[in-house]
Amino acid sequence: MTVSPSKHPDDATLMSYAAGGLSEPLAAVVAVHVVLCQRCRAEMRALDALGGLLLADCPVGPLRQSTVPARPEEGGARLVRPEPIGEALLPDPFLRRFGLDAKPLAWRRLAPGIRQIRLRLSGGVPGDLRLLNIAPGRAMPVHGHGGTELTLVLSGSFHDATGRYGRGDIQDVDDEVEHQPIVEEDGCICLVASERRARFKGLVSRLLQPLTGM
Amino acid sequence: MVQAVIRRRPRREAAIAQSRGLMSDLLARIAKERDDAAFRELFETYAGRIRSFMLRMGADPGVADELTQETLFAVWRKADQYSADKGAAATWIFTIARNLRIDKLRRETPWQELPDEVAAAIPSEEVPVDEAIASAELQERVRRVLAELSREQREVVTLAYIDGLSHGQIAERLSLPLGTVKSRMRLAYQKVRAALEQIT
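Residue numbers (the working numbering), protein chains in the order written: chain A, 1 to 214; chain S, 215 to 414.
Hints were generated in silico from the structure; no laboratory data involved.
We put the CB at the ideal spot given by N, CA and C, even for glycine.
There may be inaccurate statements among the hints.
Unchecked claim - Output of the computed footprint for chain A on chain S, the stretches with three or more beta carbons under 8 Å from beta carbons of chain A:
id : stretch
1  : 238-245
2  : 254-264
3  : 355-366
4  : 372-382
5  : 402-410
Claimed, not checked - Coverage of chain A stretches by chain S, computed from C-beta distances (three or more under 8 Å per stretch; other residues unrestricted):
id : stretch
6  : 4-15
7  : 19-28
8  : 41-48
9  : 101-107
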């Protein structure tokens, strides 16, 4: 099955990701989107190349003697080698990073028809990152207000005035956007990040509002 | 300060350009023969630049030294994972430096290194034009894009890539509205995309 998402991060968001300037929760969502999206992967090559050229253009700073190695020691590799994910919900490096790899996902009930897993960010990093698992027909929580908010669909789908969002699609909104997303018949599991701390109170009250006709 | 950031350095660019072809040869020698002399040469070309890159995001000199070493050690260890058809050596070295910097300075783990091989492993029905563009061609196009950016676009792009600033931090640094920073960045991105879309 080929995944070809049609909804991508804002250009400025993707460039900031390539530059290494996105905060951890937003970068987490974009990283998974890039794994699932061929178009953004292709564009990342060019955006990384831009970084390579800018690095090559950096002034040559003076080196301390201690910086210069005789011959590097082996070992201590830290960069993660990516693995294919096929139809898996999330890439393994992501699951390992957030301690979700050892056991089945432990969803906690947040409200009727809505379960979540909150993901622990690195110490001192502001923002909010969570997995939401929402039953068909429910309204998606909208808990923005303050900074960029990214929602990536991992399975199922939702729709709103801006269109339909399926696996791999990302919704990139800032505080000006108002929308009322509705989860479709297949339910929806998504990864949601916000730049600042989510207003939990507002979120819960939104979630508890059943949609008309339910 | 900002002026210094965006000032062009044609001479240095030319020096790197000349050694550009060499870099992937050096990486191949490091990968295959664990060639000390090749590593030394790569080190001399990149160490000072990487150190500047690390200092710009606010690392203190000791941390910048450490990150420079770590980046170049990673290059040594992982030289066999580099392949010239995936991208220029400079691009590959940049991604390593960027990920280590994120990891160290923001205490985040470098699992951002997800792309590329996943791309190869996921079966696809068709390969888009962009992915088929040879890496040397891509490098050349992006180089032209960089030269064609307006002063203002280059400024925000440099603050993002080299200084590692977020949209909000760039807005603060330049005393501009956030929306202006984002739109300059989008304009720069559109030039990159247009370069990818041109078919030779």
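Task: Hint numbers contradicted by this structure - done: 1 and 9
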